[in-house]
Structures are given as C-alpha cells and as structure tokens.
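Trainee: Based on the hints, put chain Y in the right spot on chain Z.
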Amino acid sequence: MVELNATLIAQIINFLILVAILAKVAYKPLMKALADRQARIEGNLATAEQERTAAAELKREYQEQLAQARTQAQAIVEKATKLAEQTKDEIIQEARAEHARLLKEAREEIARERERAIAELRGEVVSLSIAAATKIVGHNIDAATNSKLVTDFIDKLDADKMGGLKC
Amino acid sequence: MAHLAGLAFNMDTLMMTWLVMAIVIGIAVLATRRLSLVPSGWQNLLEMLVTALVDQIDSVMGSKGRALAPLIITLFLFILIANWLGLVPGLTSPTSDLNTTLGLALMVIGLVQVLGIIHKGIGGYLGHFIQPFWWLLPINIIEELSKPLTLGFRLFGNILAGEILIVILGVLVPMWIPIPNIIWLGFSVFVGVVQAFIFTMLSMSYLSSAFKDSH
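Order-wise, the sequence lines are chains Z and Y.
According to my numbering, the first sequence is numbered sequentially starting from 1.
According to my numbering, the second sequence is numbered sequentially starting from 1.
These aren't lab readings, by the way, just hints derived from the structure by calculation.
Please note that the accuracy of each hint is not assured.
Below, a list of computed lysine to any residue pairs in the SDA-like style, where the Cα atoms sit at most 20 Å apart [claimed, not checked]:
| id | chain 1 | residue 1 | chain 2 | residue 2 |
| --- | --- | --- | --- | --- |
| 1 | Z | Lys-28 | Y | Ala-22 |
| 2 | Z | Lys-24 | Y | Ile-23 |
| 3 | Z | Lys-28 | Y | Pro-178 |
Every value quoted in this text rests on a predicted model; they were computed, and no experiment measured them.
Next comes chain Z alone, as it looks inside the complex (with noise of 0.2 Å):
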C-alpha cells in the first residue's frame, strides 16, 4: 500500500478519464441548465415587470375613463333635472291654462243658461199672466194684443224693477 509504482501513473490517467466524462455526461449539461433556468427567472422577472407597468397604465387610464363617466353622468343628470323642471313649469302653464279656459266656458254655459231660463220664463210668465187676465178681464182680447201687452208690461217690469239687478 505504501510502495509507490506503476498504479500512481494509472489513478492520474484513470482521473483524467473521469474529468472527460463527467465533464461531457453532467458538467456540461448541468452547467447549461442552470444558465437556461437562471435566463427563464430573468425573463420571468423583466415580463412580470413589464406587465405591472402595463398594469399601472391601464389602472391610470381606467381611473380618468371613470372620472370622465362620472363627470359626464353628473352633467346628463344636470341636463335631465333642467329639462324636467322645464316640463313641469310647462305643464302647470298649461294646466292653467286649461284651468282658466274651462273656467271661462263653465261662466259663459251659466250665463247661456240663465238667458235661457229668463226667456222661457219670461214667455210663461207672459202667457200665465194672459191666462189671468183673461180670467179678470172676463173677455179676451185677440191674442197679438194680449201678449203685446203683457211682454210691454214685463219689460217695463224688467226695466223698473228688475234692471239693476243680476240673477
């Protein structure tokens, strides 16, 4: 064991054989793929930055798209409150309107109405009146006279009596 011999120059040579091959089999390969794996960390890394940045930018651009939604909602709303306060005043004018022209109508029927019972009024009481005079008078005057007189009559009634006032 301790006697040195030809076994020193075979163990240098049997080393070298063992340098080549696992410098082919596993240096090589392995080295690669650690370079490989740190090159995918480092790319993983620059598109993960990457991607925040786009990330930001989109966010920014969302936040102004959404202040300028807000800004524009806020002006529809605006728009729409003016345009119903504009209707409203609208149609209470014309509800008035309205109102006052049914008003007016309403008058002038009464008013119709009431010259239309004064008339008929005015004739039965003109051929009541007649029927009574006859009866007092006990004769009768021919029938043109007859109401001749009692619508001149009334009329002077109408018009002593009756004149100032308003039914």
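Mentor: Coordinates of chain Y only, in the frame set by chain Z:
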C-alpha cells in the same frame, strides 16, 4: 499486485478506483438524466454541490477558474466517494493507497506548473522562483516540492488511519458492543467529507496561484 509489461500495478486499488468511477458516473447520470427547470432528487443534490463548488472557484480563482471547474468538481466527488468506499465492509478506499493520493496531488501540482508557464511565460514562471530575493531559490523549490507531498500524504494518512482503526476496533472490541465501531464509522464519514474538501480547496488555491501575476 499484478505485473504488466514490467510495470507493477496494485490491482486491488485499481478495481476500487473503477468502482468509485462507476459510482460517480452513475450519480452524475442519475442526476442529469432528466434535467428539468424545477430540480428534484439527485439533480437537486448535484446542483447544490456544483453551484457551491463553482461559487468557491469563482471567489478563489476568479473568472479564469471556470475552465477548471469540471476538474475541481470531479476531484471533490471522486475523493469523497473514494473516502467513503472504505467504510463499506469488504471494500477499501482507493485513497488509502499512496499511489492514488500522490498521483492526484502530482497531477494538480503539475497542472499548476503548466498553467503558470502558459499564463506568465517561461521567464515569468522561472522568475517567481527567485522572488523576492535570489537566495530564496532553494526555499521556493522546496515549497513547490512540498505541496504535492503534503497534499497527497495528508489525504492518504487520514483515510488509511481511519481504515486501520476500523479493523483494529473490529478485532479489539467484541461484536456485541457495537457502539465504538458506530461512533468511529460516523466520524470516518465526517473525515471523508472534510478531507475531500481540504484536498479540493488546497488544489484550488494552488491552481489560483498559477493565475496570479506575483505573490
């Protein structure tokens, strides 16, 4: 012992060396058979070892050391497995044969000289033997010669002592008291790692001195 063409070979040592080579290659193939981005099992182990050693190489030898990385890594793996092989009953460590350890040490130191000549040129290489003073030449030569000797004998002595003690403990201590044996085996495992590491680190520092302009 076998004789071939007038040369003597320790067949036992050679067999064990081939076994160690087979194991190391087996581990390497096992670890790199299916290289994946997400390492697992043997790949993890070997990657850890290789990256640790490559980091050491980078810090000790600088960027030029990368070319020697396969040699350094193989040195560590080979010596480690060789040291541990002797702990298996019936097998002996190739590193308990002085031929192996001295052979490796001489190879490393020879490589240091070759690299030194390549890197510094003949003049620069010879010049560093007479630095800082010409009369230090004998000391420098002794220093250079002592490197492979200490490197080889240290590993050889540690591993041989470990194996001898295992045998002696087996003889001295009865089989039914296994505690000393187990403790010594555990310690031998530790010594195997440490000696492989020391040999590798010293080789690295010797090799790095070949790259330096002066020291």
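Trainee: Given the hinted pair Z:Lys-28 and Y:Ala-22, is their alpha-carbon gap at most 20 Å?
Mentor: 19 Å, holds
Trainee: Take a quick look at whether Z:Lys-28 and Y:Pro-178 sit within 20 Å of each other, Cα to Cα.
Mentor: Judged against 20 Å, a Cα distance of about 44 Å means the pair is violated.
Trainee: With a cut-off of 20 Å on the C-alpha distance, tell me whether Z:Lys-24 and Y:Ile-23 pass.
Mentor: 16 Å, holds
When each numbered hint is compared with the structure, a violation occurs for hint 3 only.
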